[in-house]
Amino acid sequence: MATESGTRDQSWFGDTGQISRLPGRVFAATCLGATLFAILTVFGLLVYVANDAFRPATADPRWHLVFFLTLVLPSLALFGYYVARGDGESWVAATALGIPFFGLLLGSGVLLLFIDVLSVVAWLAFVLAVLAAAVVIKSHRRIRPAPGFLEHLLVIVGSLGAVAPAVYFGVVNLPVVPTPWLIYLLTFGAAGAALAGLVVARRRSSDRAGLTAAALVFAAAAGGGLAVSAVGIEPEIWVVLFTFAGVPTALYVESVLRERERPVGLLFPLVVVVGILLGAFLVDTLGFAGPDSWLDYGFLTSADSRFPEEAGIYPALIGSILMMVVVAAASFPIGVGAALYLEEYAPNDGALGAIVKLVQINIGNLAGVPSIVYGLLGLALFVHWGGLRPGIVIVGGLTIGLLILPIIIIAAQEAIRAVPDSMREASYGMGATQWQTIRRVVLPEALPGILTGSILGFGRAIGETAPLLMIGAAATVYTPPNGFFDLFSAMPRQIYAWVGKPAHEFQYGVMAAGVVTLLVVLLSMNAAAILIRNKYQRRT
Amino acid sequence: MSQETRTPDFVGGSGVRTAQEQAIKWTLFACAALSVFVTGAIIATLLFDALSFFTEVTPADFFLGTEWSPKIGQEFGVLPLVAGTLFVTVMSALVAIPVGVASAAYLSEYASESTRSVIKPALEILAGIPTVVYGYFALAYLTPALRSVGLPLSTFNALSASLMVGIMIIPMVSSLSEDAMSAVPDSLRQAGYGLGATKFEVSTGIVIPAAISGIFSSFILALSRAIGETMIVVVAAGMRPRLFPNPFESLEVMTAAMVQLITTDIAGGTVAYKSMFAIGLTLFTITFLMNLASRIIAERYREEYQ
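Those sequence lines, one after another, are chains B and H. Adding 2 to a residue's 1-based position in the first sequence gives its number in our numbering. Adding 21 to a residue's 1-based position in the second sequence gives its number in our numbering.
Check each hint, because a few of them may be wrong.
List time: in silico EDC-like cross-link candidates among lysine to aspartate or glutamate, alpha-carbon distance up to 20 Å [stated by the list, open to error]: (1) H:Lys46 - H:Glu77; (2) H:Lys220 - H:Glu134; (3) B:Lys537 - B:Glu416; (4) H:Lys92 - H:Asp82; (5) B:Lys537 - B:Glu261; (6) B:Lys359 - B:Glu345; (7) B:Lys537 - B:Glu263; (8) B:Lys537 - H:Glu77; (9) H:Lys46 - B:Glu427; (10) H:Lys141 - H:Asp200; (11) B:Lys503 - B:Asp488; (12) B:Lys503 - B:Glu345; (13) B:Lys537 - B:Glu256; (14) H:Lys46 - B:Glu345; (15) H:Lys92 - H:Glu77; (16) H:Lys141 - B:Glu416; (17) B:Lys140 - B:Glu153; (18) B:Lys140 - H:Asp82; (19) B:Lys503 - B:Glu311; (20) B:Lys359 - H:Glu134; (21) B:Lys359 - B:Glu416; (22) B:Lys537 - H:Glu42; (23) H:Lys220 - H:Asp207; (24) B:Lys537 - B:Glu153; (25) H:Lys46 - B:Asp89; (26) H:Lys46 - B:Glu311; (27) B:Lys537 - B:Glu447.
Worth flagging that the hints you see were computed from the coordinates, not collected in a lab.
So here's chain H without its partners, still in its complex pose (with noise of 0.2 Å):
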């Protein structure tokens, strides 16, 4: 009696209670390792299929190589795809950075709180929207419109496909860039205002430079997404290679040529099959390494307040 109630046990004794905890936090530690299996898993089934097939098409024929026609000609020159997605990316970036920013600069410095609560849940559903419907938008409404103001436009145009792209990463660059400059401390603002600045100096004189490495960070996010992106570029650019994009006509970006092998039966096993996998190496490496930037950017070259 006196022996146990010298040594008391707040966990309550029962082995069984030890024991449980202990359970329960190792499967709770597996379902957090399995992100890392799930990473370790891209890589190794990307890695697996594209050194197969980089031993039957040599690196520097796919990346270098300027035609790509995997099924009839057996060209697997990369470089017209990165164009087009380079391409894409340009332009959506010429739309999405200038607004997003804008926007994100309304939000945080201009808007009153009711606009933002009417405002914000707006922004949130533009980016809850699939992206095989903002295809369809540019499809099936961006094109004609372009063409009624006299555009040459093609049924299948790149100009469409990467105004929907800039479209669609809207959002993105803003409730981003917005959070950087809401996290500039207001000490700061009323500095600005103490030294007699107006509202539109404090904000591009001092916020907008403060919370310039949140802001960049978010570019590089969104264009990484717009480089990923798929089914808009699928449904309204079409499937072209071409090494020299003309906006009012077809292209192929990386993603799509993945869609167009995978849609047309091909069998597992062939270099084709095995060139998808080429494309989703450097595809995945490309934005892997975009990421890593923008949070190496965001929190490196962060100012510190406080």
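Chain B extracted, bound-state conformation (with noise of 0.2 Å):
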């Protein structure tokens, strides 16, 4: 017995000599190596791009001085510092300068949209026929509340097949319209007036605050509008980029600063715009040169050429944004409704169950299925069976939102799905029919979720390329498209254009500067994806 035990002292555990852990370190090393090849190699790609895109080198040493102790350093030692620190500053700090930027973004295109393709008029028009069908249904509801189920549909029918045309048309036709900016103010400066309002009035659960704010946010745009136009900038700029970038930041700051939730972050925005604005004036001023870059305002601004320093993307832009409009209008609110049903309502046996989850399956199946391959779907059913003419914008957006249909419902889904029981059964404890938990518990609590996954979706859907090659857009359009129906490029089509010039200016000039635009696009909005994400994963 005692020698047992004392063989056993000698052999029941291993010394930490005997184990090797040199195959261990190397696994280690080689997986972190696998890892940082994928990441390192397509970044370096991406500094090269930019530096032909932007080819900082062409500047004065001087300027780059200036720059980099005005901005890189400033903001570098602010974020290195939030960093250190470790109190979730940073997210403050990234969210408070990417809301800004995805706002300017946004309602760039917007601006760029309403200048170029659609009539302010029928905008104006189009928005108060909207608003008067609402009124007209929730009149009807406020004084019959309980209608019968046709007399509902009547109502709803009537009011959206006679009202709304009745009062675009009395619109569109009238002899006096106000000028343009006043539209502007009157549409998106009165929308996000009222956003804020009813953000302040729920968060601050006082009717008075949202008021007060609504208020002030209505005297900015119309005060900031007729300021700028002083100084000789157009107004309706203003108005646009104040209610699509001013708003959220102001609603983003007031939410940071009332909880106190680490109001230091708001700081880094500043360093950063002060920083641009500053090393901008002492460049101008000390008649330091810039870099001659190719990404610049007039690449941005004008339509291809044979010569490539006059050459642009501008259309291409257009015929984008014109096609994203339609790809979200065809995908979202269905991609929603598919991933609702499949969700909430869909049953799990019987013959309906066996045929949801066939849905399910072929929802999977169809989101590997290769882009090509839609665009020869996009064909066969917009162009030849649908009879409408190849290269459109709206037959390049349907394809494309086709496209991404199966992308959105599974985001969709799995946002939904993250949702807990126990919210839905306390909204039915409460006498709430299904839609009514879904409309007001369901949908809210998901919708961060859901806004992630589409915005991802929707970054997809501006890449595409192969599809738009075989609906036939245009290779170049020198003009940017007037309207849905009109023949358009889109970026990558026009970047693919330009594969075919082999001329050095255009390889490694042109080419780089629209897919740096591209990309500067895309990764905003994956930027934006994340930032979405983050903000509400700390909530829960």
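Dock chain one against chain two, each of which comes alone in its own frame, and use the hints as you go.
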């Protein structure tokens, strides 16, 4: 017995020296290396293409120095401080910079759409028509709280089918219309003010605070418009950009300040903006030349050309924006609707249950169908059978909308599934119907997740090229499309058109600039999705 | 009064509510059913023109023919295109599978929470870059870089396009495999440690074998993505059908052949036009079967724990 325990003492556990740590270390290092290889290769290529597009080497070294001192150094130092504190300030900083940036991007897109494509009066007429229809439906509900189903349906159909068109054509044919900027103020400015008022009223649970916020926002939109028009800038630019960038930023700042949620992070965007302005001012007064970039204002605002110096991406940019309007309008409501059915209504058993299961498998498979096959589908379905002209905006948008539909459905399903059942049961317990529960409880709760997934899907849509080739989107158009039934080119399609030009200036200049433009749009969409996700992950 | 209270109506009583609820339910059902319609439409449109193609070119000529020259020679043998696709797929798999699995193992087993929070979004960004941009990278940077190390590459070549396709599908392999590895229950790992295994032995001897069905299904999905990939190959690999691809020269894959057909202004209804749909049908069938196989492998051969 004693001898046994004696030997056991020696052998029941190993000595650390007996285990070779080498294979483990090599394995871990290999795995890390593989991960970094993938990421660094592509990021290295991104640096190359950015270098070709911006050509920072052509700038005066003193120009770099000025911006390094005013912008890079302070913001890096501040961000380093946030990360070192490690208390979540860096996320506040990133969000506070990201919201105005993304808002500016979106607002510029809307502005471009209105400048080039849509008529302001038609827009006003459209808004008023929708408002009128909504007012009719609401007031009918108010006067007769319990109408029969037919009566209800009649009112909805009547107001959408008769009242709205009447208002629309009435306004379009008005002999006198307000000036464009007043229209923008009455539509965008008022909408922004109403939204801000609602959010503030809900956050502070006080109608008065909401009214104050709405009044402030509207006054800022109107006053700012007057102020910038005094300087010579079109006031509508101010109204739209303020609504899309200023209002969300102000709301975010308000929430951070009120909840005292690491308000130090708010310094970051200030430092960045002041750095840019100061740097630009210094460089301008001291006369240091900036880089001779391929990607400059001229590139963004001119059409393609035989000469690389004059080539630009403007018509393709407008084409992409217009196409994305169709894509979003076609795929988002249907995708979310399908996800709602599959998650909230679909039965698990019986004949319908079997169909639902099939639908589910089918959606998974659709997500794996090559994009070029969707192009063939669009060509056959919309062009050959639907009789639409090949290469117009609506054909491209619908084709790509079909392509990202499964992506949106899957993302929305995941977000809806993550809403806890206890919330639904609480709503049912208070006497809500299924639709009321979905509208008031499930959808608001799942919205950040749905948005994240959808933005990623839209990012995929904006970069798709193969389906556009198949439906015959033009290689190059020299004027932006004038409406949804016009021929168009999109950014990726334009980039592919430049592949055919082997000259060095096109390969490493114009194309690089086009690629960077596309990537900036896309990466900021991805960043927005990641920010939304992180903000709401924190909360749960 | 008493009549009414005896049967409490939890839905709210008024007919409009239930009718509205039903209307909403069936509208949402229609949205979900639209996805079935899309599949049906894909199959119908592909079949319609492909069948009409096969009345003019026999399936044997199409599937076994070794010459592809739809415009000039009226030769519709798909084998050179299939060979090109196969070459690109195999080459890209050689890049993506080892790198993807290793990166998944790192993310799932070794990475700390803060490292993951940096690497995961970075991989997502890679997955979000449009393929035409990857194609541009291959054409403008990868090919010159490979040339500078002495490879005799032509401007459009199979090698750099395949490598780029491989890089493009790494995030897909990595994230799907990582999901599979993360789904392995911790109790298995702890049992391994309890038996005295090192972390390396646990990772390679327990986690990867336990997750193997998920890992394989990620391979199949990623390869099906590589087969259907269009823009990288169109931009960087050129459009030269070859039965025996040479990595240093250009080749043509199935998707590129379709792009070449549509961009050279073929009239609707010609044999060349219909041949696009025949290739499309082939492509759709292959990728559909692969996706189905991946699903079956993931579900049927999954080790059930707990």
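If any of the earlier hints don't hold here, list their numbers in rising order. 1, 8, 11, 12, 18, 20, 22, 24, 25, 26
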